[in-house]
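Q: Sequence:
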Amino acid sequence: MKQISDVELGDKAKSSSPRSGVKKGLSILDFVLRLIAIVGTLASAVAMGTTNETLPFFTRFTRFRAEYDDLPTFTFFVVANAIVSGYLVLSLVLSFFHIVRSNAQNSRVLLIIFDAAMLGLLTAGASASAAIVYLAHNGNTNTNWFAICRQFNSFCERISGSLIGSFVGVGVFLLLILVSGLALSRR
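Sequential numbering of the sequence shown, starting at 1, is according to full-length UniProt numbering.
FYI, nobody ran anything at the bench for these hints, they're computed from the structure. Note that this is a predicted model, so its numbers are computed, not measured. Please note that the accuracy of each hint is not assured.
The calculated lysine to any residue pairs, modelled on SDA-like cross-linking and capped at a C-alpha distance of 20 angstroms, are [unchecked claim]: (1) Lys24 x Val39; (2) Lys24 x Val100; (3) Lys24 x Ser154; (4) Lys24 x Leu121; (5) Lys24 x Ile36; (6) Lys24 x Leu182; (7) Lys24 x Leu175; (8) Lys24 x Val179; (9) Lys24 x Ser107; (10) Lys24 x Arg150; (11) Lys24 x Arg158; (12) Lys24 x Leu110; (13) Lys24 x Phe96; (14) Lys24 x Val109; (15) Lys24 x Leu178; (16) Lys24 x Leu184; (17) Lys24 x Thr75; (18) Lys24 x Phe97; (19) Lys24 x Leu94; (20) Lys24 x Val93; (21) Lys24 x Ile99; (22) Lys24 x Leu119; (23) Lys24 x Thr143; (24) Lys24 x Ala104; (25) Lys24 x Asn103; (26) Lys24 x Ser185.
Using the sequences plus the hints, can you model the full thing?
A: Next up, the structure:
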């Protein structure tokens, strides 16, 4: 029989401590939250990017058409959500690395920095688009902008729906930053 020294027992006790279990749990939560954010931001980009509606006018040769790229704000929204989705896919590698090695700290700090930058980009795109969606639904009588959602119902439903996924992504990024900060604080 092999004798186990007190030093080896101490090392094994440290590696299976409750703290490492909590860190591994936080790492798994980080990975799952990133998957949720990918679904929300990618669905938002696809929903907005494929939105258009055509209405006939008096003749069949004259038509009114509404597309997402008619407004630069919606184009920015699609690009911002696509960039954030791409970042989230790439960050899954580091997130999985944290599940395997829950003591890694430098890569967690790097993820917090990039998560904060992506949170800012996503918030900017979603907030600007939310303002335009509000105008599309309600108009503005002071500037003589009429509400186009009375005519373009399908268009407005899709652009409103795409905002939901983006704001879910914003909420998930807030949680990701909190989870990563909590994992860093548990040395």
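Q: Does each hint hold? Answer for all of them.
A: Right, here's what the structure says about each hint:
no.: 1; hint: Lys24 x Val39; result: 23 angstroms, violated
no.: 2; hint: Lys24 x Val100; result: 8 angstroms, holds
no.: 3; hint: Lys24 x Ser154; result: 45 angstroms, violated
no.: 4; hint: Lys24 x Leu121; result: 29 angstroms, violated
no.: 5; hint: Lys24 x Ile36; result: 19 angstroms, holds
no.: 6; hint: Lys24 x Leu182; result: 12 angstroms, holds
no.: 7; hint: Lys24 x Leu175; result: 16 angstroms, holds
no.: 8; hint: Lys24 x Val179; result: 12 angstroms, holds
no.: 9; hint: Lys24 x Ser107; result: 15 angstroms, holds
no.: 10; hint: Lys24 x Arg150; result: 51 angstroms, violated
no.: 11; hint: Lys24 x Arg158; result: 39 angstroms, violated
no.: 12; hint: Lys24 x Leu110; result: 18 angstroms, holds
no.: 13; hint: Lys24 x Phe96; result: 10 angstroms, holds
no.: 14; hint: Lys24 x Val109; result: 16 angstroms, holds
no.: 15; hint: Lys24 x Leu178; result: 15 angstroms, holds
no.: 16; hint: Lys24 x Leu184; result: 12 angstroms, holds
no.: 17; hint: Lys24 x Thr75; result: 39 angstroms, violated
no.: 18; hint: Lys24 x Phe97; result: 11 angstroms, holds
no.: 19; hint: Lys24 x Leu94; result: 13 angstroms, holds
no.: 20; hint: Lys24 x Val93; result: 15 angstroms, holds
no.: 21; hint: Lys24 x Ile99; result: 6 angstroms, holds
no.: 22; hint: Lys24 x Leu119; result: 24 angstroms, violated
no.: 23; hint: Lys24 x Thr143; result: 55 angstroms, violated
no.: 24; hint: Lys24 x Ala104; result: 11 angstroms, holds
no.: 25; hint: Lys24 x Asn103; result: 9 angstroms, holds
no.: 26; hint: Lys24 x Ser185; result: 14 angstroms, holds
Checked against the numbered hints above, the structure violates hints 1, 3, 4, 10, 11, 17, 22, 23; every other hint is satisfied.
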